[in-house]
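Turn these sequences into a full structure, and let the hints guide you.
Residue-level listing of the chains:
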Amino acid sequence: MNKLGLFTAALLGTALMSGSAFAQATLSMWYHGAGNEVESKIVNQIISDFNASQSDFKVELQSFPQAAYNDSVTAGALAGNLPDILDVDGPNMPNWAWAGYMQPLKIDESKIASFLPGTKGTWNGQLYSVGLWDAAISLVTRKSYLDELGLRVPTLDQPWTKDEFMDALAKAKASGKFQNALDLGTAWTGEWYPYAFSPFLQSFGGDIVDRSTYKTAEGALNGDAAIEFGKWWQGLFTEGYAQATQDPADRDAGFNSGKYAFSWNGNWAALGSLDAYDDVLFLPAPDFGNGSKIGAASWQFGVSAKSAHPDGAAKFIDFALQDKYLAEFSNGIGLIPATASAAAMTENYKEGGKLATFFGLSEKQALVRPVTPGYVVQAKVFEKALADIANGADVEATLDAAVDEINADIEKNGGYGH
Amino acid sequence: MAQISSDNHGLRLIVRYTVLSLIALIFIFPLVFMIMSSFKPDQQLLQDTKSFAAFLPVGDISLNNYFDAFKRAPVGLFVLNSVIVTGVTVLLSLLVCSLAGFAFVFIDWRGRELVLTAILATLIVPFETIAIPLLLIASKLPWISMDGLTFGWLNSYQVQIVPFVADGLTIFLFVQYFKDLPGELIEAARVEGASWWQVYRKVVMPLAGPVLATAAILKFLAMYNQYLWPLMVVQEETYRPVMVGLQYFFQLNRAWGEIMAYLSLITVPVLAFYLFLQRAFIASIASTGVKG
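Taken in order, these protein sequences are the chains called W and F.
Position 171, counted from 1, in the first sequence is what the numbering used here calls 171; the numbers after and before it change by one each time, with no gaps.
Position 20, counted from 1, in the second sequence is what the numbering used here calls 20; the numbers after and before it change by one each time, with no gaps.
By construction, these hints were calculated from the structure, which means they are not laboratory data.
Built from N, CA and C at the ideal position, the CB exists for glycine as well.
You may find that some hints are simply not true.
[To be verified] Selected chain F positions facing chain W (Cβ under 7 Å, derived; list incomplete): (1) Gln44; (2) Leu46; (3) Phe52; (4) Gln247; (5) Leu252.
[As the list claims (entries may be wrong)] If you want a taste of the chain W side facing chain F, the calculated C-beta under 7 Å gives, among others: (6) Asn36; (7) Ala68; (8) Asn70; (9) Asp71; (10) Ser72; (11) Ala75; (12) Ala77; (13) Leu78; (14) Trp268.
Rendered as C-alpha cells:
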C-alpha cells in the first residue's frame, strides 16, 4: 500500500470510529437517591457496568434528594424536560402514566415473573415500571416482652386476631413498663399514613377507594367496615395505647430505648432494633377479619414518555434487574430484594437471615395501594382523615367528608381514565 | 399611681436589661441548640433534648457530623451557588429597584401612579400562583452564552436570578424612603444643571444607606431561603442551592447531627451578612417604620 493509500485508510478509519462514537446515544436518568452515599454508589456501579457492556447507549445520572424528587419530576414534565429513564414511587406510577410522564415499559415480562408482586408497576393492563426491591412493615417487639406479658408469638400462618392484638396492647399498658404500648409512627407524615395504616382499613374490609371501579370511595371509605376501622383507630389514642402526636425523636429511638412495647415500622429500620436488642421479633400484621395486610410497592424504574430512545431505556432497566444488583441494593440499604434467588445472595434476607421474615411478609401479606392516578390525592385525603380521627374528630362525619373530597376529585378529573 | 424617680433609675435599668436578656435568650436558644447539637452523635443529641444539656457542649463532642455532612452532600458547592445567586440578585435588585423608585418619586411622567399601583398590587400575589407560568416561560427563553444562542434557561444561574431582580416590596421600600428626602436637594441639583443620572448617583444614592441596607437584607433572606423555584428549574446538582441541598439529609433514617451541622454551616453567610449591615438596617427600620 502506498502512502496515499495508507493516508486514505487512516482517514476512513478515523471517520468510522468517530461515526460509531456519534452513533452512541446518551440516555439521561433521574434518580431519587441523592444524599444516600451507599445507594448512589450502587446506582453508579450499575450505570458504569451497563455503559461498559455495550456501545449503543450511554446512561448519565442526575440524582435528586428524595423529598424533592416528585416535585422536580412534575416541574420537569411541565417544562418538557424529562429524562429518558426515571424512577417512580410505586403508588405514584399510575398518576405519572395517566398524566403522560411515562410510557409502557417494553421488557421481556417472563424475566420478572418471579419478582415480588409489589415490585411490578402495572396500570391499565400494561407494565410501566419495575422495582429492584420492595419494602415491608412488621409489628416489631421483643420475645422477652411477649413472654412477660404472657402472649403467644404470632406467625404468618396464624397472625394475631384483632382481639389478641388488643389484648396485647392492654397488657402492655397495664404492665406500666412503657410510655405507650404502641409506636405507630404518627410523627412521620405524608405517604407513611396510607402506606402504613390503610392496610389496617383493608384488613377490616374497607378501602381508600372502591377498587372494582376506581370511580368512587362511597362504601369503601365510609361503609360499615371503614367505620368500624375508624372507631378502632380512634380507640388506640383515646385508650392511650398510641400517641396521636408523636415526637420525631421518639419515633427514631423510642422503641430501641424501651418506651414502647410494639412498634409498627418498616424493614429499613429493622437493623437498628437488632442492634439495640438481641431478642427482636418482626411479627406479621394482625388480622382484623379480612386477612393480614401490609403495604407494598417501593421505588421502581420506568421510561419517560418523552424519551427518544425507549428501547435503550428499557435495555438499561432490563440490565439492572440482575440478581447481583438486587442483592447489592439489599445488602447496601437493607431493602427486600425482588426475587427469592437474589434474597438467597444477601446477608439479611437469605434463609435464616436476620430479616428473612420480611421477605415472607412481602410475599404473602403485601397489598399494593389503590392502582389509580387519583391515588396521589386520595392518599392526602386519607392522611388528613386519619389524623383528624386520631385527634378526636367524629369518625362517621370525617370519613363521609373524605369520601366527598375523593369523589369530587375523581369527577373533576373525568374518572382518571378508568 | 407610683412615680418613677431618679433614685430607682438603677432598678429600672436592671429590670429592663433582665427582660431584654430573656427575650434575647428566647431568640438565641434555637441557634445555640443547633450549633451544640451539631457536635453531638445522634443518640446523645436526642437524649439531650429532654434537658438543658441540649444547649451545652457536653458529652461526646466531635466534628464528626461536619465531616459526615461534607461526605453526604457537596456542601461547599451548595453554599457557593447560593452565595452567587443571592449576591448577584441583591446587587442587581438594589440597582434596578432604586432606579425604579427614583423614577416614581422624582421624575414626573404620565401614568406613573398607575404603574406604581400595578407594581404594588403584585405584593398580594403569592409566588406559588405564578410559579408554573414562570417555569413555562423560563424553559423557552433565549440566552447567549459561550455556546452561542441557546433556548431554555433551566439548569443555570440566570434562571434563579433574573426573575427576582425586580419586586414590588423592594421598589416600595425605595419609593417610601425617597419620598422623605428633602425635595429642595433635588431641585437645587437640577437648577445647577445636574442630569437625572447625576441626581440619582451623586445626590440621592449617597443618602440612601439605610434603605439600601434594609432592601439588601430582606432580599438576601428571601433569595438565600429559596426552595420551590430552584427545585422546579434546577435538575443538575451543579446549580443546586443550599435549601434544596438540605433535603439530602432527610433520608428515611434521619441523621440529626448532620442536619444540625449542615444548618450551622449554611447559617454562617446569613449571620455574617446581617451583622455586616445590622447598624444600617436598624437605622432604616427606625426611620421608616417598616418592619420585615
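Which hint numbers does the structure go against, in order from smallest to largest? Hint check: 1, 3, 8 and 12 fail, others pass.
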